[in-house]
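Protein chains in written order, with my numbering: chain A, 4 to 516; chain B, 44 to 356; chain C, 15 to 287; chain D, 227 to 852.
These aren't lab readings, by the way, just hints derived from the structure by calculation.
What you are looking at is a predicted structure, and each value in this text was computed from that prediction instead of being measured.
Each hint should be verified, as a subset may be incorrect.
Here are the simulated BS3-like pairs of lysine-lysine, each with C-alpha atoms no more than 30 angstroms apart in a straight line [said to hold, decoys possible]:
(1) B:Lys271 - A:Lys365
(2) B:Lys271 - D:Lys702
(3) D:Lys696 - B:Lys271
(4) A:Lys161 - B:Lys94
(5) A:Lys84 - A:Lys365
Residues from chain B that keep clear of chain D, each with C-beta distances beyond 12 angstroms, as calculated [what the hints assert, rightly or not]:
(6) Pro88
(7) Lys94
(8) Gln107
(9) Phe187
(10) Glu200
(11) Gln221
Partner residues are not named here, just some residues of chain B that face chain D (Cβ under 8 angstroms, in silico) [said to hold, decoys possible]:
(12) Ile60
(13) Ala62
(14) Ile179
(15) Trp188
(16) Ala195
(17) Leu258
Glycine residues also receive a C-beta, built at the ideal position from the N, C-alpha and C atoms.
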Amino acid sequence: MSNPAIRTVALAAAGVLFLGGCGAGSSTQASPDAPKTHMTLTLGSGVEPQSLDPAQSREAQFVQYFQPVFDTLIRRDAAGKVQPMLATKWQTSDDQKTLTFTLRDDVTFTDGTKLTAEAVKGNLDRFKAAGGPLAGALAAVSSVAVVDAKTVQLVLSKPDPALLYALGGPGGYIQSPANFDSPTVKTQPVGSGPYELDRSATTPGSQYSFTKNPNYWDKSLQKFDNIVIKPMKDENARLNALRSGQIDGMIATPKTVQAAKGAGVDVQTVPGDWQGLTLFDRAGQLTPELGKVEVRQAINYAIDKDALLKSVGQGMGTVTSQIFSPASEAYVKELDNAYGYDVDKAKSLLKTAGLDNGFTLKMPTSSDMDPALAPAIRDQLAKVGIKVEWVDVPAAQYQAEQQSGKYSAAFTAFGQPVVAWSAISGSVTEVAPWNIFKSSTDQSKTLLSSILASSSGDAAAKKSQDMNKYLVDNAWFDPWYRIDQPYYTSKNVSVQVQSGQPVPSIYNYQPAK
Amino acid sequence: MVVYISRRLGAGVVLVICASLIVFALMLADSDHIARNLLGDQATPAMVEAKQAALGLNDPVIVQYFRWLVGAAQGNLGNSWFNAESVSYLLLSRVPVTLSIAFGTVLISTVVSVAVGITAALYRGWTDRALQLISITGLVFPGFWLALVLVAKFSIEWQLVPATGYIPIAQSFTGWFQSLTLPVLSLTIGAVAGLSQQVRSATIATLEKDFVRTLRSRGLSEGSVLFKHVLRNAAPPTLTVVSLNFIALMSGAVMIERVFALPGLGSIAVDATGVGDIPIVLGAVMISVIIVVTVNLLIDLFNGWLNPKVRLT
Amino acid sequence: MSAPLLEIKDLVTEFPMKGWRRPPFRALHSVNLDVKPGETVGLVGESGSGKTTIGRAVLGLAPVTSGSINFDGQDISRFGSRERRSLSKDIQVVFQDPYTSLNPAMTIEDILAEPLIVQGLDKRAASDRIARLLDRVQLPSDAAGRLPREFSGGQRQRVAIARALALEPRLIVCDEPVSALDLSTQARVLDLFLEIQEATGVAYLFISHDLAVVRHISHRIAVLYHGEVLEFGDAEAVSENPQSPYTQRLLLASPVADPVRQRQRRQARLAAL
Amino acid sequence: MSTVADIRAIANLTKAAIRQSLFSRILGSPVAFVSLGSLLILIAAIIAAPLLTPFDPNSGDIGQALLGPGADHWLGTDSSGRDVFARILYGGRNTLGGAALALAVASILGVTTGLIAGYHGGKVDTGLDWYTNLVIAVPHIMVLLAVRAAWGSNIWLIMTVFGVLMAPGYHRLVKGIVSGVRNELYVDAARVSGLSLPRILGRHILIAIRAPIIIFAALSAVVVIGVQAGLDFLGLGDATVPTWGTMLNEAMVNLYIAPGLMLWPGLALGVVNAALILFGNGLRDALEDSKSTKRPSRRRGISANAPKAGTSGSAAVPAAGGSDGDTRAGAGTAVVGVPGCGFIPDEAVLSVENLNVGYPSGDGHKLVVKGVSFGVRRGEILGLVGESGSGKTQTAWACLGLLPTGGQIVDGSITMSGRDIGSVSARERRGILGKKIAYVPQEPMSNLDPTFKIGYQLVEPLRRQLGLSKAEAQAKALAMLARVGIANPERTFDSYPHQISGGMAQRVLIAGAVACDPAVLIADEPTTALDVTVQAEVLDLLRELQHETGMAVILVTHNFGVVADLCDRVAVMQLGKIVEQDAVEALFSNPHHPYTRMLLSSGLEDKKPRTRLLPAATPVLEETKP
C-alpha cells in the first residue's frame, strides 16, 4: 500500500538529505472546524517542481504543489491508509491481478469536462507512457479497461502490493483529458481538485498561488481561500520567513528544532528516513572485499550509531539495523539491535575475511550531507582498518553519482514506506533502481517470489520478515537510525503530519482555532 | 555616434556567441548526469538513455550548439529542461528582481560613497581615518553574515520588513521597497567600502588639479566647486567602478538571494549550472553578457558626456 | 671642410592618427640638415615645429616615413633594433626633463652602469669609469650610491649628461636640456656642455625653443616652423641677420633683461605688425 | 568586486611608486608594516601547523563533538569532533594557498598580457582588450560551477580557473601603467643606451608596476578569499577539504546548535581581510604622501607643495641655504636682504607685511616664505622674481588665500583696503576673490576644467560675483573674450578647453580674471608655458588691460626679460625671502644684492657665444635641492 518513490525523491530533487519520506501514521482524521474565512495558507517548500504535468510529478515534498489542483483516484489519509476520493470504492481480484474502481459521477474538471472512466483510463495510460520520474510506479499495470462510464478496471501483469498506495499519489492524479495535449500542460494544470492554479499570481522560483475551486465537490477539503507555496531552498530563509510571519508551515532539519521551539514555533515530527550506508556491491564486482559477508557485517559493527544520531540527528530518531519501518509488516523489532557498536568484533570479522590490512572504500559525498558525517564515518571505519576515500561531487549531482555504478557503497537516506514491498521494489529486487549492481542470490530470489506468491496478508508479512532477516544477516545495508522528520507551523494554522510523507498533505492543514 | 554604437553592439553579439560557446563546452564536458538528474532516482538506465537522446545530448557538441544558436538568433531560447517554462519567461521573470537589487545597491552605495568619499577627501585627518575604518569594516564582514544579522533584527525582532521574498513593483510599491530593503542594505555595506575609497582617491586627485585653485580664485562657492567641477572630473573612474560593481551583482548576489529566498538571476544561474539545465545556463549567459555590454556602453557614453575630451564619435 | 658626421636628407615623418581612416599627421616635411664632427648645430622652433621629432628620428625613437639619416656615411634611418643598439656607442641623448629621464628607482651608479654593462664592461671597470664620469660632470663621487630624487634638477641633468658620455659617443642629441632649469643652473650646465665639447670633440644636435640659448651654444642654427626648415646657417648670421620673417619675429618676441632696450624692441616689434 | 575598483586609483600612484623603494615605503607606513607583520605571523603559524597542534584537521571523535574551548582543544571541537584550532591552521593552508594560487595565476597572466599590450599597443592591444572584455562579461560563478561539474571539485583547479577570470584586472592595471611608463623619457634613454627589450621591460618597467601590483594583489586577495568562502558557504566547494569557507558552511548548518562555530573561521577571515586591506591602503597612502611632493612643472620649477626637507646632494652647499636648517620658524636667517627690500609704498592697494607661510613638519612648521613685505599701488606692476624654491608662488597663493592643503599663514598680514584679508572667513574671502583680487595661473590648459565649456566657466563666476542674469553674464563673457583678442568669441565660448590652443586658453583665463574688474591681479608665471611669440602677445595684452583698468598687478616670474618688459618695480626672492626690491630700471642697472647680480649675470644677453657664462668660483646655488 505504499510507494517506493517516497524514498529519495526528496533527496534527489531538493538536494537535502533529511527531507525524505516516512512511514507510520498518526491517529485521527482532521476534523473540519468552523473554517475561518478569507484565510490564505502560505507554505515554504524546500523544492520546486520541474513541471505541473502529473505525468512528470514526484512524491514527497512535491505533492503539495499537485494536491491543490488534482484529486487522486484514492486518497491517503494522515495515517497513510487509503480512503475513497475520486473512486468511491475498489475491488481486488483473488489472484491480485485485477483492480476495479467505481468512480464518483458528480465531478467536473475546472474546464467543465466531466470526470468519466475514459478520463481516468486516459490519465493512467498517459502516466505510464510519458516516461516521467515515477512511471515505474504503474509498471505492473498492463492495461486499463473502461467497463462503463463510472467503472474502470486495471489489469496487472503480476501482483503489486504497492499499487493502491501509488494511486493515492502521483500515479493517481487525474487531470482533464482536454488538457493532455495542451501546449501549457506543464505550466497551467487543469484538474478537479479543491483549488486552481492562479497563473497570474504565480512566478516560478518565487511563488505558486492557488485559489479555491468554487464548484468543488467536497467543501470539507477547502479550508482556505487561497494556498500559496513558496520555494525556498535555504532552511534558514524558511525559518526566518516563518518566524516573521511570512509563511505558515515549513519542512526542517533537527538542527533548527531547539531554535524553532524557542521562538514559539509549533514543532511536530513524523517518522522519517532511515539513514546509513547502502552497500551496493554485494557481489564484489567493483570492490572484491565487499563481496564477503564478514566485511559487510564488520562495517555494520564499526559505526557508532548512537554517537552519530546524537550529533547529526540531535538525538531525534531511533537507532536501527534494518531498513523497514516499524509500521510495515516486514518490521522485526529485534533486528533494530542486530549490529551494536563493536570495534573488536568488526576487526575479528575482517580478520576472518583475510583482510588484516583492511582495504579502501570509495564513496561519494556532497556538501549537502551533514558536514559531520563524512569525517565521522571515515574515522570510525579507519579504526577497524577500512580506509574511506570520499569523492566530493556537486550536490545537484549527488543522486546521479550514487546511481552511476562508480561506487560500491554510498551514504543514503531512504523513506520508510508503510508497505514493505515499496521498500523492497525500490532497493532489493533485481530491477530496483537502487539495486545498482543487480545484487541477487538464490535465497533472495526465492524470498522475493514467495512474498508475491503469498495469498494472504499475514503470509506475505511473514515472508517479508524473512526477507528483512536475510537482508540484515547478509548486511546488504548498514542502516544507522530512523530520523524523526520535523515540520514547523506558525500559530495561524494547525496541521496533522502525514504518515509516509515528510510534509503534510494539503488536506491536513486548517486554520488555527 | 550611430556607427560607434552599432559597432559596440556588433562586438557585443560576438561576445555573446563566444561566451555562450565557452560555457556550453564546459557544460557538455560531463553531461552524463543531466538525464539522470531530470528523471530522478527511480529511472531505469533505459529511460536515462532515452532521455539523453531526446535532449540531443548524443549529438556532436557543435551540432548542439548551432541548434541553440539558430534558435537564439530567431529569438527562441527554448524551454528549460528542468522546468516546463520557456527560458525567456523564466529568465525575464527574474531580471526585474536582479535589476532591482543591482540598481538599488548601486544607487544607494554610490550616493553614500560619494558623501563619505568626499568628506574623507576634504577633511582628511581623523575624519578620514574614521570613515576609512568604517568602510573597511564593511569589507571585513562577509555580506551573508551581515544579512543574517539584519534579518534577525529587522524582520524577526522588530518585524519592520519581510524576511524573505520579492514583491513586484507593479503589485505594490511599498511591498517592493520593503522586500528589497534588507538585501540591498546587506550588499550596500560591502559596496560602499570599496567605492568610497575610490571616490576618496579620485576626489583627492581632482582637488589637487590646478583648475580647482583657479575656480576658487574666481570666488565660486565651495559647493559649486565640489559638486559641479570636482565631482564631474572625479566621476569617470568612479563610474567605471560602479559599472564593475553592477556587473558583479548580476550573478554575484547569489548568496544574498539565497539568504532572502529572492528569485534572482544569480540563483537560477547557479541552480541551472548545478543540475545541468543547459538552455537556462545559456540564456543566463546571454542575458548577463547583454547587460554587461549595455552597461559598459552606457557608462562609456556617459563618461563621454561628462568628459568631452574622451567623447567618442 | 670635413665630411658631415650626421646628414639628414629629405626627412619626412608621419604619425598615425587615432580614429578610423584618419590620415596620418605629418610632423616633418622634407627636412635637410647636417652636423659635422665636433660641431654644435642648434635647432630652434616653437611647439609643434618638429624640432623634437628630428632629434627622436635620429635616435630611432620616431618613425622615418621617407628620406634618409646618414651617420658617418651609413643610412641609419631603417636600422633594425639590433643594429640600432650597436649605434648606442656613437649617438647618445640628453633629454629635456631631468625628472623623468632618470629612472627614479635606480641609483645613479645603476643608471650610469647600464650602457656600460650592455657594452660588455665588467662591474669593476664600469665602476672606475663611473667615478671618472661623475668627476667629468662635476658631481661628487659619493653621488653614485644615491637615488635621483636626492638631487636637484641641475644635478640630475649632470647625471643625464654623464650617462650620455659614458660610451664616448660622437654625437649627442640634446633635446631642450636646459629649459627645465633655473637661470643660474642653466648657465652652469651650458658651461659644462661647452667644456665637454672642447675636451672630447663630441658633436651636439642641440634642440631648444630659446633662441638665446641656441645662439649661445651653436656653431650653426636651423630654424624650424611647422615641420620645415625655414633657415639653416651660421649662428651669427641667423641670429643677427635673419632672412626669414618668422625668425625675425622670433628674435623680437623674446624679451631681453634690460628695461630700456626691451622697450625699444617692443616698439620695433609692434611697429612691424 | 570592490577591488577592481581600485585599479585606477592605484595606477595613479605609479609615478610616486617608482620614486621610492618599495621596502622603505612599507617600513615607512606603520599600518602597512603592522598588517604585513600580522599576515606573515599567521602564514608562519599555518605553515608550522604540525608543530602547533597535535590534532588531525580531518578526523576527530564524534563522541567529542561540539566541545567548548578547553585545555585539550583550545578552540573547541566541531560537529564531528574535530579540533577547531587544527582546522583553522590547516584550513588556512587551503584558503590562503588557494587564494595565493589564484593571485599567482591572475598576476602572471595579467601582468604578461598587460606588459605586451601596454608596450606594443596596436592590434595586439585591441585583441587582448577584446579577450579581457569577454572574460569580464562571462558570469564568473557560472564558469566556476561548470568547471566544477566538468572536472570535479578540486580546490586548486577551481582557484586556477578563478585566477584566469581575475587576470583582466591585472591586465588593465599593468597595461595602463606600462603604456604610461613606455613614454617616460628614461625608457627612451634606456633604448638609446642600447638596452634590449627584455632588459628594458625587466629593469625599468617591472619596477614601476611592482608596488601597484602588490597593492592590487592585496585587495584582490580579499575578493578571492570572499568568493572562495562564498562558494563553500553555498555548498559549492569541496566539503572534504578543510577551508575557512567549509568551516563557515558547517557553522551555518549548526547555526542554532553551536553558534560559536561561526566565530573562529569568521575571525580568521576577518583578520586576514582586514590585514590585507590595511596593508594595501597603508602602502597606497604612503605612496600618495610621496606623490604629493610634486615635481616642478614643465618648463619652470615651482614647487607646488611643501618642499620636503631633503638631503643636500653636494658638499657645495652655500652658506645661505642648508635646507635642513629651515624647519622651524626663526631659523635660517642666513639670507639677508639689502636695505629697502621690505619696502611697502604708501597708498598700496595690497600690502603684505612680514608674511610667513609654513607647512606642518614634524614638531613645527617648515617655512617656505619668511618675513616677506611688499606692497603694490594702483596702476603699478610689481614683479616678484626668483628661482625655484624661492617662495614666490607660495607668496602669491597666500595673498589669494588659496594655499594648498596644510599650508598656512604663520605670521604677518595681507592688507587690502584696510582689511587683513589673510584672516577673513571663507565666506568673506569668496566675496573678495575674483571681485577685488584675481588670479591668472601658469599653465593655461590645466587651469580650465576640461569637462565644462569655456562659456560656462566664464559665466558662472560672473553670475555669482556680479549677480548678473544668465543673458547679461553671457553678453559680458562674450565681450570679455572679444576684449582679450579672441577672433571668434562665440565659437570659443562654445568650445571645450581641449579644442583651443594654449595661447587662446591663457587669454580665456585672463578674460575670466579681469571680468569683474579686480583691483589687484596676481599673475603667476602667466607666459611661462607659452611659445615666445605668443608670450609677447599675452604680455602686450596684460599691459593694455592694466592701462585700461588701472588695476595693480603682481607678476610672479623667473624671467628677467618678462620683468623688464612689463614691470614698474621688482622684488627679488631667494629661499623664501625678498633680498632686494627696487624700481625696475634701478635694479637692472644697479643691482645691490650678490644674488641679484648672480642672476642677472647668468643671462645670455651680451655674452660672447660659446664662452663661459660664469666664473668657476660662482657659488653653485643649483646644488641646493629645494
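Against the structure, the hints:
no., hint, in the structure
1, B:Lys271 - A:Lys365, "violated, 67 angstroms"
2, B:Lys271 - D:Lys702, "holds, 22 angstroms"
3, D:Lys696 - B:Lys271, "holds, 17 angstroms"
4, A:Lys161 - B:Lys94, "holds, 27 angstroms"
5, A:Lys84 - A:Lys365, "violated, 40 angstroms"
6, Pro88, "holds, 21 angstroms"
7, Lys94, "holds, 18 angstroms"
8, Gln107, "holds, 15 angstroms"
9, Phe187, "violated, 6 angstroms"
10, Glu200, "holds, 16 angstroms"
11, Gln221, "holds, 25 angstroms"
12, Ile60, "violated, 10 angstroms"
13, Ala62, "holds, 5 angstroms"
14, Ile179, "holds, 5 angstroms"
15, Trp188, "holds, 7 angstroms"
16, Ala195, "violated, 11 angstroms"
17, Leu258, "holds, 7 angstroms"
The structure shown violates the earlier hints numbered 1, 5, 9, 12 and 16.
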